[in-house]
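**Student:** Residue numbers (the numbering used here), protein chains in the order written: chain Y, 171 to 940; chain P, 19 to 253.
Each hint should be verified, as a subset may be incorrect.
In silico DSSO-like cross-links for lysine-lysine, where the CA-CA straight-line distance does not exceed 27 Å [stated by the list, open to error]:
1) Lys130(P) x Lys855(Y)
2) Lys577(Y) x Lys130(P)
3) Lys928(Y) x Lys93(P)
4) Lys93(P) x Lys841(Y)
5) Lys178(P) x Lys928(Y)
6) Lys925(Y) x Lys130(P)
7) Lys571(Y) x Lys130(P)
8) Lys93(P) x Lys929(Y)
Example chain P residues on the side facing chain Y (calculated, C-beta under 7 Å, incomplete) [stated by the list, open to error]:
9) Asp77
10) Ser100
11) Leu128
12) Val129
By construction, these hints were calculated from the structure, which means they are not laboratory data.
Beta carbons: idealized from backbone N, C-alpha and C, even for Gly.
Listed below are the residues making up each chain.
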Amino acid sequence: MLVRKMTREIRKNLGQFLSLFVLSFLAVSLFACMKASNISAYNKLSDLREETNCADGWIFSENFSSEDLSSVNALTDITSAQRRLHFTATAEGFDQAQLEVYGLQEDLVSKPYYVTGKELDLTSKDGIWISESFAKEWDLKAGDTFSFSAYGQVLTRKIEGTIVSPEYQYLKADKDLDIVAKNIAIIYMPVEGLKEYFSAIPGGIPFNELIFTTSRENVKSLESSLDKALNGNYAVICDRDDMPGIRVMKDELAQHDQFAITFPVVFLAIAVLVIMTTMNRMIANQRTQIGTLRALGMKKSKIILHYLSYSFIVSLLGSVAGLFVGTYLFGEGIAMIFRAWYLIPGWTVEMDASFLLVAGLIVLGCTLATYLSCRKVMNVHPAASLRPAAPKSGKNTALEKLPFWSKLGFSTQYNLRDITRSKLRSFMGVFGTAAGMMIMVAAMASITTISDASSWTFDKIQNFKNEIDFSDDITLDQAEKYKEEYGGELIQTSAIEIAKEPHADSSRKKTTSLMVTEGENYYRLTDTDQKLTELTPGTCAVTMKLARSLDIHEGDTIYWHLYEKNTWYEAKVGLINRHPNFSGVTMLRADYEASGAEYRPSLLYSSSSDIGETDRKGILAVHDDKDLKESFDIMMEMIYAMLFVFVVFATVLPIVVLYNCGNLSFHERVKEFATLKVLGFTTKKIRKLLSLQNLWLSIVGLFLGAPFGKIMLQYMFDSNGDSMDYPVSAGFLTYLVSGLFVMIVSVLVSYMFNKRIKKLDMVETLKGIE
Amino acid sequence: MGNTIVEFKNVTKQYGQGEAIQLANNDVSFTIEEGEFVVILGQSGAGKSTVLNMLGGMDTPTSGTITVAGQEVSKMNDRELSEYRAGTIGFIFQYYNLLPSLTAIENVSLVKNIVKSGPDPMEMLRAVGLSDHAKKFPSQMSGGEQQRVSIARALAKDPKIILGDEPTGALDSETGVIVLELLSDLSRKQGKTVILVTHNADIAKCADKVIRMKNGKIREIRINESPVPVREVEW
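With the hints as extra help, turn the sequences into a complete structure.
**Tutor:** Quick look at the structure:
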């Protein structure tokens with residue numbers, strides 16, 4: 171019988187229980203959609219690493235000898251090791267895509283994962299294995315020929331297979347700001363096929379990388395034994411966290427893990443508020459019914475169980491629906507988006523025990539909130555609960571002491587008192603709108619932030635028409651000649667390690683980038699306020715986030731060494747600068763050369779809009795500013811996709827919460843509204859009275875939520891790591907549009923009550939006590 | 019006594035449909051003169067509250083016409099009914115129906131939101147003898163005091179007709195007398211038309227006219243030639 175009572179009452183309070191369903195659904199589905207693709211990613215990554223024997227450590231040097239390899243192999247904790255050659259080349263055609271080429275003598279560590287074609291044949295002289303993502307973009311298949319230039323020569327080879335490298339889940343061309351699959355490829359090829367090209371180089375093929383797997387958890391703890399084994403003949407030892415191809419994906423997944431917790435917590439909080447207010451009202455309304463049931467001899471526990479079953483069943487239904495829809499629909503959607511950027515074979519969605527745990531916690535949270543609401547009534551003596559509860563006492567609010575209180579209109583006084591009497595409900599209204607506003611501001615601000623970063627880059631920092639990329643083997647003379655011909659400024663970019671002390675150990679130094687400019691203003695610096703500034707000769711600039719992480723200030727001395735060399739230099743910090751996509755140190759050529767390091771320009775920023783023939787010795791590629799802007803456009807597309815999801819949440823939240831607030835407020839005051847109607851108040855006037863409160867709560871929520879929108883977005887941008895520095899910009903328009911949007915939702919919700927007020931049966935409402 | 023202010027002509031009110039049809043009022047006709055003190059008397063389920071609700075513009079008849087102060091209430095739409103309730107009727111409920119979050123004076127002033135003219139709310143509170151309680155909330159007052167605030171609220175609109183649905187039903191007899199006296203004075207001293215619904219035959223003794231109802235029909239309309247002063251009534 172109680173089941174019938176429950177289903178009928180759920181039907182009667184459909185609005186509130188539907189909100190509860192939606193909220194528990196959203197909480198669980200948000201968790202599931204973030205987590206399902208992550209779990210699959212972790213599992214498939216682990217499969218990939220196992221299958222390919224992915225390296226745990228990388229050692230870089232100018233050349234490793236076979237003796238070096240033997241010494242490393244002899245170390246007890248090393249389980250496998252191999253040398254390889256790594257260089258960057260440029261595709262012939264294919265938009266001069268960047269190629270990371272690996273020349274292999276052995277295939278023991280970080281073996282390729284085969285997608286199509288043959289397996290690697292180390293004796294092949296003309297075969298290459300190219301990354302699947304690139305092959306797909308350009309419709310390349312096994313059997314096709316492919317040409318690329320390196321070391322000033324063009325090599326033409328046959329594609330034997332398409333592969334995925336276990337070291338590159340994240341693969342981005344240097345010229346791009348974000349992932350553009352058609353602009354970069356990984357190539358694996360036997361060194362046999364490279365021998366003739368290196369024959370001219372003294373010492374033969376330079377094996378500049380030594381990769382290994384180890385049984386140790388902490389790869390860096392091998393540093394001293396490796397140092398001994400190699401007699402110090404190496405530049406740097408890295409673990410997986412140092413490799414951008416692996417680390418960026420790891421950071422992304424960690425970000426998803428974080429979102430998987432944060433968003434459901436917000437929704438759970440709102441769901442708990444909705445339940446507490448709904449059940450509080452329902453139980454207060456059913457006080458005499460509860461008294462009757464108890465007078466009839468029903469056990470207290472049975473009655474409590476009956477009321478618990480309301481929210482238990484509804485939140486359970488919402489959570490189960492959330493689990494499946496979140497995983498297989500939303501989760502698959504997320505996986506699909508990220509599959510286009512990150513390379514993990516077989517990546518889809520999977521569930522694990524945490525899903526049940528979260529769904530269980532949401533149901534438990536909702537049920538517990540109900541328990542807290544019913545406990546109060548259960549403690550009342552049956553005889554007392556058979557009598558109607560004493561009327562709510564009117565109270566003077568602190569606001570009434572204000573001198574202008576008496577001048578406030580009836581609606582204002584009435585609603586202000588009602589708010590102070592229904593704190594939980596009012597809090598729910600404010601919290602819900604604040605959350606909606608927060609999401610809306612974040613969504614709108616993401617557009618202005620990206621567009622600001624774009625104009626920051628292209629209107630302030632980059633003051634050139636074309637970027638000419640030089641090959642590794644270009645001589646300084648050649649580079650200077652090109653500079654003379656095209657005009658512009660030579661730039662050297664190098665990977666470096668920096669620290670606040672020379673020869674710092676791994677924990678106290680950071681891998682970053684060095685940019686050497688000629689100070690001719692083709693590449694300009696901006697200070698922490700994003701204002702154009704100049705580097706004082708004799709000093710260097712350090713980007714803000716990097717400076718903060720190493721506690722570097724203007725005036726400090728820093729120490730640095732080129733990634734592949736072990737000579738440390740010192741530099742004085744003259745400027746803390748900011749750049750949206752560059753993290754590292756910038757110094758003038760004169761200062762760099764004065765330090766004694768070899769100057770090797772890698773780029774020419776030219777103001778000439780016509781570069782003409784680009785197939786010239788020493789030139790890898792030429793990118794015009796349109797090319798460079800493309801990455802921002804892609805990012806913008808991503809933001810628009812995200813915006814849609816955000817707007818949906820920003821709409822659903824205030825609707826659910828304000829509708830509930832209005833609904834509760836309506837039910838709590840229905841007798842008062844009926845009285846007002848009898849007194850002659852029109853429907854419009856009563857609706858105004860009801861919506862005024864929602865309007866206030868919305869406005870308070872709006873102001874409280876607005877600053878958090880900026881904070882949330884900054885947190886989301888910052889969770890992308892130190893290499894991105896996007897200061898969130900939210901102008902007046904952002905707040906205005908977001909605020910208007912939330913207010914329109916709020917006003918529309920108030921119209922949902924129009925019909926109910928119009929249809930309000932004064933006779934019936936005023937007849938009964940309950 | 020003056021002109022006819024209320025006329026019920028063959029008014030029928032039915033609830034429900036098909037077999038579940040319930041006739042609350044069946045061919046009810048009567049008139050009430052301006053300034054009369056009328057009691058509609060009947061047992062529970064007699065249909066007296068239905069008459070009052072239709073008269074108050076809170077319900078509409080299934081057939082028949084209701085005319086109040088020259089306006090045909092039975093034909094009014096939602097907006098016109100609101101105006102009618104605001105301008106013509108003052109309603110007093112059994113359970114007072116004061117707004118708990120408003121003080122006594124605020125409950126009375128409330129009607130100034132819909133009727134700009136009319137007497138001063140504080141004057142009305144004084145008239146019901148509650149000027150000292152102006153700043154009290156309903157929960158801080160007794161039932162009788164709350165009902166007097168409710169009368170003050172009805173008066174503040176300066177209505178032509180005051181309707182009371184068992185206004186003394188929730189009060190003890192001593193307090194009931196005070197409330198009833200107030201209402202009868204409104205008719206006798208201020209010339210207001212007062213119509214009360216009650217099941218208490220003793221109250222009917224004070225009225226100018228008694229309309230007795232049973233099973234939705236009018237059984238008797240009796241003019242009381244010499245109404246008993248309220249103070250002399252006991253129940």
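**Student:** Starting from Lys130(P), check that the Cα of Lys855(Y) is at most 27 Å away, please.
**Tutor:** holds, 13 Å
**Student:** Under 7 Å is the threshold here; is the Cβ of Asp77(P) close enough to any Cβ of chain Y for the hint to stand?
**Tutor:** holds, 6 Å
**Student:** Hint check: Lys928(Y) vs Lys93(P), CA-CA at most 27 Å. Holds or violated?
**Tutor:** holds, 17 Å
**Student:** Would you mind confirming whether the straight-line C-alpha gap from Lys93(P) to Lys929(Y) stays at or under 27 Å?
**Tutor:** Holds, because 17 Å separates the two Cα atoms, which is no more than 27 Å.
**Student:** Was the hint right that Leu128(P) lines chain Y, CB cutoff 7 Å?
**Tutor:** holds, 6 Å
**Student:** Does Ser100(P) meet its interface restraint, that is, does its C-beta lie within less than 7 Å of any C-beta in chain Y?
**Tutor:** holds, 4 Å
**Student:** With chain Y as the partner, please determine if Val129(P) meets the hint condition of a C-beta pair closer than 7 Å.
**Tutor:** holds, 6 Å
**Student:** Do the alpha carbons of Lys178(P) and Lys928(Y) lie within 27 Å of each other, as the hint requires?
**Tutor:** holds, 25 Å
**Student:** Holds or violated: Lys577(Y) and Lys130(P), Cα atoms, limit 27 Å.
**Tutor:** holds, 14 Å
**Student:** Within 27 Å, alpha carbon to alpha carbon, are Lys571(Y) and Lys130(P)?
**Tutor:** Holds, at roughly 23 Å.
**Student:** Is the straight-line distance between the alpha-carbon of Lys925(Y) and that of Lys130(P) 27 Å or less?
**Tutor:** Distance of about 25 Å is within 27 Å: holds.
**Student:** Would the hint linking Lys93(P) and Lys841(Y) be met if the CA-CA limit is 27 Å?
**Tutor:** With a Cα-Cα distance of about 26 Å, the restraint between Lys93(P) and Lys841(Y) holds, given a limit of 27 Å.
Hint violations for this structure: none, all hints satisfied.
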